[in-house]
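**Student:** Using the hints provided, position chain F relative to the given structure of chain X.
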Amino acid sequence: MTAPVLDAPADAALVLAGAEVFQATFEHAGSRGDEFFPAGLAATSPVLVTFLVLRVPESPHGPFTIAQVRLSCRSGVRARALVVATAVDAAEATTAWLAAGWGIGGAPPVRVERRYDRVRVGSPWFDVELTGPKPVGTESVQYVTGLHPVAVPSGARLAQFEVEVVPDRVERGRPVLHRFVAPEAAPGLVPASAVVATFAVGTLTLPRVRFLLRPDQPAHLGTERL
Amino acid sequence: MRFGIFFELSVPAPFDGAAERLVYANALEQAELADHLGLDWIWAVEHHFLEGYSHCSSPEVFLTAVAARTEQIRVGHGAVVCVPEMNHPVRVAERAAALDIISGGRLEVGTARSSTWTELGGFGVDPDLTKQTWDEYVHVLPRMWSGEPFAWEGIGWRMPERRVLPTPVQRPHPPLWVTVTTPGTELDAADRGIGCLGVAAVSFAEQERRTAEYRRRIELCDPVGGVNNRVTTQNFLYCHEDLDHAAAVGGAMAADFNLANSHLLWTREAYPTSAYQSLGNQATQQTKETGAPGERKPLPEGIAIGDPARIVEQIRRWESVGIDGINFMLNTMEKVPQEAVLDSLRLFAAEVMPKFRS
Numbered sequence: 001m002t003a004p005v006l007d008a009p010a011d012a013a014l015v016l017a018g019a020e021v022f023q024a025t026f027e028h029a030g031s032r033g034d035e036f037f038p039a040g041l042a043a044t045s046p047v048l049v050t051f052l053v054l055r056v057p058e059s060p061h062g063p064f065t066i067a068q069v070r071l072s073c074r075s076g077v078r079a080r081a082l083v084v085a086t087a088v089d090a091a092e093a094t095t096a097w098l099a100a101g102w103g104i105g106g107a108p109p110v111r112v113e114r115r116y117d118r119v120r121v122g123s124p125w126f127d128v129e130l131t132g133p134k135p136v137g138t139e140s141v142q143y144v145t146g147l148h149p150v151a152v153p154s155g156a157r158l159a160q161f162e163v164e165v166v167p168d169r170v171e172r173g174r175p176v177l178h179r180f181v182a183p184e185a186a187p188g189l190v191p192a193s194a195v196v197a198t199f200a201v202g203t204l205t206l207p208r209v210r211f212l213l214r215p216d217q218p219a220h221l222g223t224e225r226l
Numbered sequence: 227m228r229f230g231i232f233f234e235l236s237v238p239a240p241f242d243g244a245a246e247r248l249v250y251a252n253a254l255e256q257a258e259l260a261d262h263l264g265l266d267w268i269w270a271v272e273h274h275f276l277e278g279y280s281h282c283s284s285p286e287v288f289l290t291a292v293a294a295r296t297e298q299i300r301v302g303h304g305a306v307v308c309v310p311e312m313n314h315p316v317r318v319a320e321r322a323a324a325l326d327i328i329s330g331g332r333l334e335v336g337t338a339r340s341s342t343w344t345e346l347g348g349f350g351v352d353p354d355l356t357k358q359t360w361d362e363y364v365h366v367l368p369r370m371w372s373g374e375p376f377a378w379e380g381i382g383w384r385m386p387e388r389r390v391l392p393t394p395v396q397r398p399h400p401p402l403w404v405t406v407t408t409p410g411t412e413l414d415a416a417d418r419g420i421g422c423l424g425v426a427a428v429s430f431a432e433q434e435r436r437t438a439e440y441r442r443r444i445e446l447c448d449p450v451g452g453v454n455n456r457v458t459t460q461n462f463l464y465c466h467e468d469l470d471h472a473a474a475v476g477g478a479m480a481a482d483f484n485l486a487n488s489h490l491l492w493t494r495e496a497y498p499t500s501a502y503q504s505l506g507n508q509a510t511q512q513t514k515e516t517g518a519p520g521e522r523k524p525l526p527e528g529i530a531i532g533d534p535a536r537i538v539e540q541i542r543r544w545e546s547v548g549i550d551g552i553n554f555m556l557n558t559m560e561k562v563p564q565e566a567v568l569d570s571l572r573l574f575a576a577e578v579m580p581k582f583r584s
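Here the protein sequences line up with chains X and F, keeping their order. The letter at position 86 of the first sequence is residue 86 when you use the numbering used here, and the numbering goes up by one with no holes. The letter at position 43 of the second sequence is residue 269 when you use the numbering used here, and the numbering goes up by one with no holes.
By construction, these hints were calculated from the structure, which means they are not laboratory data. Worth double-checking, as some hints may not be accurate.
[Claimed, not checked] Computed spacing ranges between beta-carbons, pair by pair:
1) F:543 x X:116: 44 to 50 Å
2) F:243 x X:92: 55 to 61 Å
3) X:62 x F:408: 52 to 58 Å
4) X:182 x F:478: 35 to 41 Å
[Claimed, not checked] Here are the simulated lysine to aspartate or glutamate pairs, EDC-like style, with alpha carbons at most 16 Å apart:
5) F:561 x F:434
6) X:134 x F:354
7) X:134 x X:117
8) X:134 x X:168
9) X:134 x F:482
10) F:581 x F:550
[Stated by the list, open to error] Some but not every residue of chain F turned toward chain X, in silico, with C-beta under 8 Å:
11) 277
12) 344
13) 347
14) 484
15) 485
16) 488
17) 489
18) 491
19) 494
20) 495
21) 497
22) 499
23) 500
Every residue, glycine too, gets a C-beta built ideally from N, C-alpha and C.
With the rest of the complex left out, here is chain X (with noise of 0.2 Å):
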């Protein structure tokens, strides 16, 4: 994965109503996964493989759909997930403004199918589907702050920063893989064990880039303030 060039970072906060954000988690199996991390991250026990889906309908670049394949990690004491793969879909423009502003940046596609009793997405990596949705309440689904890889003048960085999400309503049922394939930046990656899904709705903010962490240092030495 190439990772974006953070040439212009957003200097405020997006907030983006009737979004749609999709989670499906699954356990790690095959080794501990600390060789899909730099020195600067410790693994979880297990490592857990997120596939984070958004649709924005409408935002000031026109509507965008993104995936994610996320790993679980700390940096320091905090919980974080490491992004390995990113998928945008979206015009061109739009395309180019996430990966300026936020880092966020790849090739599309990204598929969102919702039924009533299903909701399935894809991308490059992942063909993924959430069964048998029961409601929960919309203080249960926590999402965790990502450290997505960017270039920035010097050098490579992780661009910290957690999207916010506020559910109207939120659904959780089983995951289901239909078809995976590792990401370039995580060879050997084997989501096994099925823990959660969850699809919600509601508003998404897009917080700015506040931190870049240096993925070779623990967070205590290697943290710059944008």
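**Tutor:** Relative to chain X, chain F alone:
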């Protein structure tokens, strides 16, 4: 004020047999010394699959060894995981009764429901149900320990009528506790007439608030059995004549524990459920998400690390918020050499404990 030792049995990498044997041997030696010095409790956690953090998956075995080597000190589960997939309630009652007999009536029984996905997922537990199954356990354990015929049909398990044997020495039964990490569990404890076994770092003010509410509420409790109205907190202990040396050695030990704790995979991070409202993470409670990610924060106030005078001062403050006892972690992953741990304990017993004993 009572004092206890709280064992996680954390193991330094590589996790080979030699390291585990050393940790267990050192812990047993510390327990023997604690008994000799007049401390009140030895507690052992129950954790599964938590590499490095805790290799104490069979606390009943460890506590039996402690009981066999000691004479006065009480031995406690800190705590038994009350989830049917991990410990059938009948087996919990049976094992506890046997340990109460072996220890001559020195058993304390802490209860818990586990807070990591690593453990719950490993046993295929539905996180939505653990609060309910925990509630069933604390209600049925006193009844099973009575020795009377017992039957049950509940949410998590069922059984036809049987007598659960043996019965414990202590009457009506060994004191029951619940581990308290998140706010609100102290109210669950009070409503059921069981003790609060604090296992997460909280501030003086927060502990005072929780303790006061617990004291008020337990007066109105509908007890599950014999009432245990005690409240304890958890702390680190490293006591040395030289304050700077104590801060360096004990501070590193505490920091290592907090880092290991922060690396646990909390249930809420993996599985969205209202049954787990917080990450239950000690380290991040001490480093809120307000500053820079890499910002180093000082150790929290109240920590029992320092020279005897400082530790007395800290415990006086804990005493003033109304708690009954403090349980100390003495080491993390053998960070502190065993002789230094034992010396710290001896100094604590000689210079600090007498200040809190009538």
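**Student:** Hints first: check each against the structure and report whether it holds.
**Tutor:** Here is how each hint holds up against the structure:
no.	hint	in the structure
1	F:543 x X:116: 44 to 50 Å	violated, 58 Å
2	F:243 x X:92: 55 to 61 Å	holds, 59 Å
3	X:62 x F:408: 52 to 58 Å	violated, 43 Å
4	X:182 x F:478: 35 to 41 Å	holds, 39 Å
5	F:561 x F:434	violated, 32 Å
6	X:134 x F:354	holds, 13 Å
7	X:134 x X:117	holds, 9 Å
8	X:134 x X:168	holds, 14 Å
9	X:134 x F:482	violated, 41 Å
10	F:581 x F:550	holds, 15 Å
11	277	holds, 6 Å
12	344	holds, 6 Å
13	347	holds, 7 Å
14	484	holds, 7 Å
15	485	holds, 6 Å
16	488	holds, 3 Å
17	489	holds, 5 Å
18	491	holds, 4 Å
19	494	holds, 6 Å
20	495	holds, 6 Å
21	497	holds, 5 Å
22	499	holds, 5 Å
23	500	holds, 5 Å
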